[in-house]
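Chains A and B, in that order, are what the protein sequence lines are.
Just so you know, we're using the numbering used here here: the first sequence kicks off at 1 and counts up by one.
Just so you know, we're using the numbering used here here: the second sequence kicks off at 1 and counts up by one.
Rather than coming from a laboratory, the hints here were simulated on the basis of the structure.
Ideal placement from N, C-alpha and C gives every residue a C-beta, glycine not left out.
Just to be clear, a hint being listed does not mean it is correct.
Derived DMTMM-like pairs (lysine to aspartate or glutamate); straight-line CA-CA distance at most 25 Å [what the hints assert, rightly or not]:
| id | chain 1 | residue 1 | chain 2 | residue 2 |
| --- | --- | --- | --- | --- |
| 1 | B | K290 | A | E103 |
| 2 | B | K290 | B | D145 |
| 3 | B | K290 | A | D66 |
| 4 | B | K188 | B | E292 |
| 5 | A | K152 | A | D54 |
| 6 | A | K152 | A | D66 |
One-sided and incomplete, this derived list gives chain B residues near chain A with beta-carbon spacing under 7 Å [to be verified]:
| id | residue |
| --- | --- |
| 7 | T20 |
| 8 | L22 |
| 9 | F30 |
| 10 | A31 |
| 11 | L37 |
| 12 | P38 |
| 13 | S39 |
| 14 | L92 |
| 15 | L93 |
| 16 | G115 |
| 17 | V116 |
| 18 | G122 |
| 19 | V123 |
| 20 | P124 |
| 21 | V274 |
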Amino acid sequence: MASSEDRKVAEMSFWARLRKFPFWSWLWLFIGALYFVLPLFATFEFSLSWDPEDPLKAYQRAFEDDKFWETFIFSNVLAVATIIASVILVVPTAYWIRLRLPEARRVVEFITLMPFVVPAIILVFGLIRIYSTPFYVPFTDIRFMQPLTNFKIGTNILIVAGYMVLAMPYMYRSVDTGMRTVDIRTLTEAAQSLGANWYVIITRIILPNIRSALLSGALLTFAIVVGEVTLASFLGVDAFGPYLFLLGQHRAYEPAALSFVSFLLTWLAMGLIQMFTGGQGQAAGAH
Amino acid sequence: MAQTAMKLKGNGSSATNWRTWLGVAPFFLFAILFLFLPSVRLFTASFTDSNGSFTLNNIVQLFSEPFIVNAYKLSIQVSAVTAFGGGILGFLLAYAVTVGGLPKSLRSVLITFSGVASNFAGVPLAFAFVATLGRQGFVTHILRDYLNINLYDAGFNLYSFAGLSLVYMYFQFPLMVLIMAPALDGLKREWREAAENLGASSTQYWLRVAMPVLLPSILGAMILLFGNAFGAYATAYALTGGRIGIVTIQIGAQIRGDVLYNPGLGYAMAIGMVVIMAISLAGYSWLQAKTERWLR
Numbered sequence: 001m002a003s004s005e006d007r008k009v010a011e012m013s014f015w016a017r018l019r020k021f022p023f024w025s026w027l028w029l030f031i032g033a034l035y036f037v038l039p040l041f042a043t044f045e046f047s048l049s050w051d052p053e054d055p056l057k058a059y060q061r062a063f064e065d066d067k068f069w070e071t072f073i074f075s076n077v078l079a080v081a082t083i084i085a086s087v088i089l090v091v092p093t094a095y096w097i098r099l100r101l102p103e104a105r106r107v108v109e110f111i112t113l114m115p116f117v118v119p120a121i122i123l124v125f126g127l128i129r130i131y132s133t134p135f136y137v138p139f140t141d142i143r144f145m146q147p148l149t150n151f152k153i154g155t156n157i158l159i160v161a162g163y164m165v166l167a168m169p170y171m172y173r174s175v176d177t178g179m180r181t182v183d184i185r186t187l188t189e190a191a192q193s194l195g196a197n198w199y200v201i202i203t204r205i206i207l208p209n210i211r212s213a214l215l216s217g218a219l220l221t222f223a224i225v226v227g228e229v230t231l232a233s234f235l236g237v238d239a240f241g242p243y244l245f246l247l248g249q250h251r252a253y254e255p256a257a258l259s260f261v262s263f264l265l266t267w268l269a270m271g272l273i274q275m276f277t278g279g280q281g282q283a284a285g286a287h
Numbered sequence: 001m002a003q004t005a006m007k008l009k010g011n012g013s014s015a016t017n018w019r020t021w022l023g024v025a026p027f028f029l030f031a032i033l034f035l036f037l038p039s040v041r042l043f044t045a046s047f048t049d050s051n052g053s054f055t056l057n058n059i060v061q062l063f064s065e066p067f068i069v070n071a072y073k074l075s076i077q078v079s080a081v082t083a084f085g086g087g088i089l090g091f092l093l094a095y096a097v098t099v100g101g102l103p104k105s106l107r108s109v110l111i112t113f114s115g116v117a118s119n120f121a122g123v124p125l126a127f128a129f130v131a132t133l134g135r136q137g138f139v140t141h142i143l144r145d146y147l148n149i150n151l152y153d154a155g156f157n158l159y160s161f162a163g164l165s166l167v168y169m170y171f172q173f174p175l176m177v178l179i180m181a182p183a184l185d186g187l188k189r190e191w192r193e194a195a196e197n198l199g200a201s202s203t204q205y206w207l208r209v210a211m212p213v214l215l216p217s218i219l220g221a222m223i224l225l226f227g228n229a230f231g232a233y234a235t236a237y238a239l240t241g242g243r244i245g246i247v248t249i250q251i252g253a254q255i256r257g258d259v260l261y262n263p264g265l266g267y268a269m270a271i272g273m274v275v276i277m278a279i280s281l282a283g284y285s286w287l288q289a290k291t292e293r294w295l296r
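So that you can see chain B by itself, here it is in the shape it has in the complex (with noise of 0.2 Å):
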């Protein structure tokens, strides 16, 4: 990408003026008033008092308000379990599909598959999981009926922590499989084969070469899930109609009308989504970066 960009700055303008820039000022123009306006916005209001001053004690708030404090730990839950989870069955799928040895053809079934299902999400995935894992669900009911278990009486509930964790999985294991689909074709076999001719066997072809190749590259996909899974709204709306009070659920309800009671506060609580968001997508990149050295 650099040389490219290098090449063409040799070959062309050689003076950019501003002239030049104005080509792409409209662009700027619009991430300015309809990103960086409203992002700044909320960014000075939660450092605001209710008279107009500077203050520090919305962000203090954040961490002392044991009911924000808990929907911050409550949305890290639910990002962190689906991230995990969904980042290992999706790595098996992507596995199963590329170096695992099923047919070739249930690869792209299972890239279209995945790409339908990671952009299926908000109400209707919602209603999906309510007609599946619902009381009057369908697994629900061939669990009570075929097998004798009821999910219900275990303590199951769709509309609390597990089954939203259920719900979100939906689009987050087949995320993990777009990306890793190619990651795992970039596994060269001339390593595989260097690697039996030294005597490994396959489960240390795995361990000592094919995992650390991987590893950066599963960790920032796994990231890349929680960023996903924790900026999630409209799929938790939906399905608990905002009785779970994670962060983007108590959002909401801020904008709503000021549930908080102070408006400084719902601001600083969307600066601390902003920052988590901001350090998890920091970190996919980075380790982005290191996986090009090998995979690419």
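Next comes chain A alone, as it looks inside the complex (with noise of 0.2 Å):
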């Protein structure tokens, strides 16, 4: 078999042969590559330009200050937050519009493509606008609360919530796509007859059973989250994304390698999410 096939494929003239050859679609990924590809390597041969005795010494350099770990790790803390947060919101919510409530599905499923209308930067003006006056019992005078902006649990309140609604279109699409895969009235039903309750039910049954679909959504958060700037620096966070920023403002290495860093960070939660979903690439949207 594979000698005859050999003998055709030697016969082919050389110019069949070069009609056969894909040159544009080559030439394509030649040039998308070289786009991909080109800023990283420049970032990267830049960061280790600083010093030619001690190449790595912009990544030193970045990983001694304080700082940079201080707001790395609160933005980690901030993310994780936003996980969790958006888990408790969106599953119970997805879980009970499939068992009992389909008719809710067009609404809240519009509710979800909103952030795409409300950009970031209109989203934090909003915020900004509501919560930065104290508010009033309806109808009195009575203070019932002091600005969210005012005070540090308030602000983290706040931008955990901003990015709730950020990564509210793929958390609830990555949910609701799993739950579409398992059945879960049988499940539900089975585990019902066996004398579960609702929290059980949601914690022991219906999570693990979307928990590959619960991870992609959750590293797509990451991605969104850490590295975010837009809210949180108009809220006034100390996080990763405004340090980033204003590295870059009087310091050339360090942000490069940083940038290098995040760029690998990145990586990471895409090919995780790669792993456990195979193959559906999708993009985030924190520009």
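Build the complex: two chains, separate frames, hints provided.
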């Protein structure tokens, strides 16, 4: 078999083979690859060029800065908080809609698309305008709460809520797709007949069954939140994004090193998503 | 989708009462507090003058104030150019790895890379391009030293329209790849065979069969790219330090301090942006519905 195949290929004239060669496809791929790689290579090369004696100097200096660790760890904490809060909000909602309330599907899906219409800069504008004034009990002068933007916990609540909004389209879609592939109705009925309550059903039955969907939503949220600048800088939160921006204002080599590192982190997150979802690439949107 | 919904309804709870709706109440409460209230506040504030009474002045000024008109113009130009350019490059790449005859293994590499690049934005992206095409950038040096082309003498500037567009392209075309690869997969082999049997050339097949099927999907994706660039703030801010007058940057300046000397106008600018984003999303979903007739 193989030998006759080989002979056929050999018999093909040079020109015929050249015609078979997908020249244009390779050309587009080459241009695309160049576009992908050049900025990364340039950043990497620049980050190594500080001191020829010690190529890793920029990385060393960047990682020595306490402020880097402070902001980077805090951004990760924000990401984890956003992911947990999003799961608590989105999973029961998506579950309930599939199980009992299909008529709410359209309106909830519409709401989850809203963040595409309200970009981060507009969202933070509105959030600041609403939550920088104190809350009054309606129709009275009684002050219910001081402005969220005035104290640290309040600001942190606000920024996590904002990140939840930004991540909502991706989180909801991941979770909903995950639930489509498992028969949640049967699972629920089986669990109920064994005497499980709602809490047990959600945490022990539903969550483990949609774990790969959850993981992909979580990693995407992570990619959005760590390094996010718009919300963090306008709400005055000391996160990694604003730190990197400020560092770029008065340093040259460390920001390049950290940019390269954050590219690697994004790659790690996306690579893991690929691994868990089997090739369904997704794009987030914190540009 | 509608079918499952009907089935569930038929099987399960026939009378949906308010108790069932309580299950989604937390979600609606969250959406009201952190999505609707902020948007509505911007909306009402854009129709309010400094004394707190109703006015249409702010909306009128959106179209008459040259400063604002120019901001919208620049934003729309950058978004349109990168949506079109990114759309074409992304489509060609998606074509190359799906039906273009490249080895299968390249496809997953490209998709992963596209996933990374479309999420690689903001400050790190801006810094990466400064290292590439800035005055001391890698490519700037190569072009100068080896090809004797001085980009900056030739009028190129990374911190202006052309530069910003190149930077935006970095997350635009990978997004196009992610959207178009599945759409190109949807082209059925039978269509091509049928066309060939009827004597159509490859060009005829693409022009008469594949393109009409793909066009709604391509246009829809480009509209999505448009919105993607139109709402971008962090990348432009990090790249230019706020010195390029696109809408998002101007709104940012207005939030930091009332640069327009009229808060109402700032709100109106924000609402104008939401309106444009809403129109593009509506266009996208309309085209998406058209796409689904043939693909999938």
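query: Once the shortest beta carbon distance from B:G115 to chain A is found, is it less than 7 Å?
result: 4 Å, holds
- prompt: Quick one, is the B:T20 hint okay against chain A at 7 Å, beta carbons?
  reply: Given a least distance of 5 Å, the restraint on B:T20 holds.
query: At a threshold of 7 Å, is the proposed contact between B:S39 and chain A supported by beta-carbon distances?
result: 6 Å, holds
query: Does B:K290 pair with B:D145 here, judged by a C-alpha cut-off of 25 Å?
result: With a Cα-Cα distance of about 51 Å, the restraint between B:K290 and B:D145 is violated, given a limit of 25 Å.
message: Take the shortest C-beta to C-beta distance between B:A31 and chain A; is it under 7 Å?
response: Cβ of B:A31 sits 5 Å from chain A, so the hint holds.
Closest C-beta approach of B:V123 to chain A relative to 7 Å, hint status: Where the cut-off is 7 Å and the nearest Cβ of chain A is about 5 Å from B:V123, the hint holds.
- prompt: With 7 Å as the cut and Cβ atoms as the points, is B:V274 at the interface with chain A?
  reply: 6 Å, holds
field: Proposed proximity, A:D66 with B:K290 (alpha carbon, max 25 Å)
entry: Violated, at about 54 Å.
Interface restraint verdict for B:V116 against chain A (beta-carbon cut-off 7 Å): 5 Å, holds
task: Verify the proposed pairing of B:K290 with A:E103, using a straight-line Cα cut of 25 Å.
output: Between B:K290 and A:E103 the Cα gap is close to 24 Å, so the pair holds against 25 Å.
query: Would the hint on B:L92 stand, with a C-beta cut-off of 7 Å toward chain A?
result: 4 Å, holds
- prompt: Going by Cβ atoms only, is B:P38 closer than 7 Å to chain A?
  reply: 3 Å, holds
When held up to the earlier numbered hints, the structure conflicts with 2, 3, 5, 8 and fits the remainder.
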